[in-house]
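A.B. asks: Given the sequences, and given the hints that come with them, work out the whole structure.
Below are the chains, spelled out letter by letter.
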Amino acid sequence: MSEIRTLIVDDSSVMRKIVERALRQAGLELSAVHEASSGTEALEILRAKTVDLILSDINMPSMDGLEFLRQLRDQNLAPDVPVVMITTESSEEHVKQAIVAGAQGYIRKPFTPEQVKDRVLPLLVVA
Amino acid sequence: MALSLRDSLHVVTDPAHLEGSVEEVFRLMLGVNCEQIEGPVKKEPDTITAVVGFGGVLSGACVFRSGESVARRIAGLLTGMDQPTMDDTVKDAIGEICNMLAGAWKGKVPDLSAKCMLSVPAVVTGRDYNIHVQSPEFSLHHVYSFEQEYAFEVTIICDGLQ
Chain A
6 MSEIRTLIVD DSSVMRKIVE RALRQAGLEL SAVHEASSGT EALEILRAKT
56 VDLILSDINM PSMDGLEFLR QLRDQNLAPD VPVVMITTES SEEHVKQAIV
106 AGAQGYIRKP FTPEQVKDRV LPLLVVA
Chain B
30 MALSLRDSLH VVTDPAHLEG SVEEVFRLML GVNCEQIEGP VKKEPDTITA
80 VVGFGGVLSG ACVFRSGESV ARRIAGLLTG MDQPTMDDTV KDAIGEICNM
130 LAGAWKGKVP DLSAKCMLSV PAVVTGRDYN IHVQSPEFSL HHVYSFEQEY
180 AFEVTIICDG LQ
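So the protein lines, in turn, are chains A and B. Sequential numbering of the first sequence, starting at 6, is according to my numbering. Sequential numbering of the second sequence, starting at 30, is according to my numbering.
Derived from the structure by calculation, the hints contain no laboratory data. Fair warning: this is a prediction, and the values are worked out from it, not measured in the lab. Where a beta carbon is used, it is the ideal one built from N, C-alpha and C, also for glycine. Hints may contain errors.
Stated by the list, open to error - Which stretches of chain A does chain B cover? Using the computed rule of at least three CB atoms under 8 Å from a CB of chain B, they are: (1) 49 to 61; (2) 96 to 106; (3) 112 to 122.
Said to hold, decoys possible - Subject to a maximum C-alpha distance of 27 Å in a straight line, what follows is the list of computed DSSO-like cross-link-like pairs (lysine-lysine): (4) Lys137(B) - Lys101(A); (5) Lys101(A) - Lys144(B); (6) Lys71(B) - Lys120(B); (7) Lys120(B) - Lys72(B); (8) Lys137(B) - Lys122(A); (9) Lys122(A) - Lys101(A); (10) Lys122(A) - Lys54(A).
Unchecked claim - Taking CB as the label site, the calculated pair distances span: (11) Arg52(A) - Pro139(B): 18 to 24 Å; (12) Arg52(A) - His39(B): 28 to 34 Å; (13) Asp85(A) - Gly49(B): 36 to 42 Å; (14) Gly109(B) - Pro66(A): 22 to 28 Å; (15) Glu178(B) - Arg29(A): 26 to 32 Å; (16) Lys72(B) - Pro84(A): 29 to 35 Å.
C.D. replies: Below, the structure written as structure tokens:
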């Protein structure tokens, strides 16, 4: 698999580092890791940078993950890039909302690197 | 006739849900086993408290509290790097632990999972302070230990239930 340019969106800098570590432990070669602490910041990054994978939390201040997904679609930013939500929200309703908003995958916190690998790798092969 | 959450209070207040949540978060994210112990927790001069609010069918909060050395150990396990001081990384880490505990706990009760929202974490550090809640609907207060020397408190407080 070629090197992946990634955007990680979470208001916690610790969680962003944990997600990056999990991606590397999953075997991904990351050529670039962009970080955003909110949906607003993530949209700004995507206007300037090209990425191959987006992982986003849902509960964030300023703009939450679901609104971030809707804005991605409305602004036609990163149209073919897979988006995986990583979040503490675990109900079927939340998963449905994320999929309807445009997410291709969903990982519940707490998670293991194996769970990240299982959710993310198939999306990158397809992409 | 659909039951309200109040009618299934015994399910919501089952202590096994909190125990399972703590065990899951610490095992999966920190790689350590926790055991519930009898309190009180050994006092440290400086403590940290993280609060994640619940809103919706249940209003209240999940509160995590520990001494500074415990918080630094937790943050070190979470980040994979020693944390010699109570800096922003430690505070962020404890906020995330509380966030995951709150999410895991509410995820164990189906009615809560979909209809109860979480706030972003708030983290307080300092000395000689206590948290008081007036007339809660219920509260669950547990003390846990890991690596045989570190102990912390987790409290689920409910002040309103639909």
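A.B. asks: Does each hint fit the structure? Answer for all of them.
C.D. replies: Hints and how they fare:
1. Under the rule that three or more residues need a Cβ within less than 8 Å of chain B, the assignment of the stretch 49 to 61 of chain A is violated, with 0 such residues.
2. For the stretch 96 to 106 of chain A, the stated coverage by chain B holds: 4 residues have a C-beta nearer than 8 Å to a C-beta of that chain, and at least 3 were required.
3. Coverage of a stretch by a chain is defined here by at least three residues with a beta carbon nearer than 8 Å to that chain's beta carbons; for the stretch 112 to 122 of chain A and chain B the count is 5, and the condition holds.
4. With a C-alpha separation of about 18 Å, the suggested pairing of Lys137(B) with Lys101(A) holds against the 27 Å cut-off.
5. Restraint check for Lys101(A) and Lys144(B): satisfied, since their Cα atoms lie roughly 14 Å apart, inside the 27 Å limit.
6. The hinted pair formed by Lys71(B) and Lys120(B) meets the criterion: a straight-line CA distance of about 20 Å does not exceed 27 Å.
7. Among the hinted pairs, Lys120(B) with Lys72(B) is consistent with the structure: their alpha-carbon atoms are about 19 Å apart, no more than 27 Å.
8. Under the criterion of a C-alpha separation no larger than 27 Å, the hint pairing Lys137(B) with Lys122(A) is consistent with the structure, at around 25 Å.
9. The hinted pair formed by Lys122(A) and Lys101(A) meets the criterion: a straight-line CA distance of about 21 Å does not exceed 27 Å.
10. Restraint check: the Cα-Cα separation between Lys122(A) and Lys54(A) comes to about 24 Å, which is no more than 27 Å; the hinted pair holds.
11. At roughly 40 Å, the beta-carbon separation of Arg52(A) and Pro139(B) lies outside the given 18 to 24 Å, and the hint is violated.
12. The hint said 28 to 34 Å for the Cβ distance between Arg52(A) and His39(B), and at roughly 51 Å that hint is violated.
13. Range check, Asp85(A) to Gly49(B): about 39 Å between beta-carbon atoms, so the 36 to 42 Å window is met.
14. Between Gly109(B) and Pro66(A) the C-beta distance comes to about 26 Å, which sits within the given range of 22 to 28 Å.
15. The hinted window of 26 to 32 Å between Glu178(B) and Arg29(A) holds, with their beta carbons roughly 31 Å apart.
16. Evaluation of the 29 to 35 Å hint for Lys72(B) and Pro84(A) yields a failure: the beta carbon distance comes to about 55 Å.
Comparing the model with each numbered hint stated earlier shows that hints 1, 11, 12, 16 do not hold.
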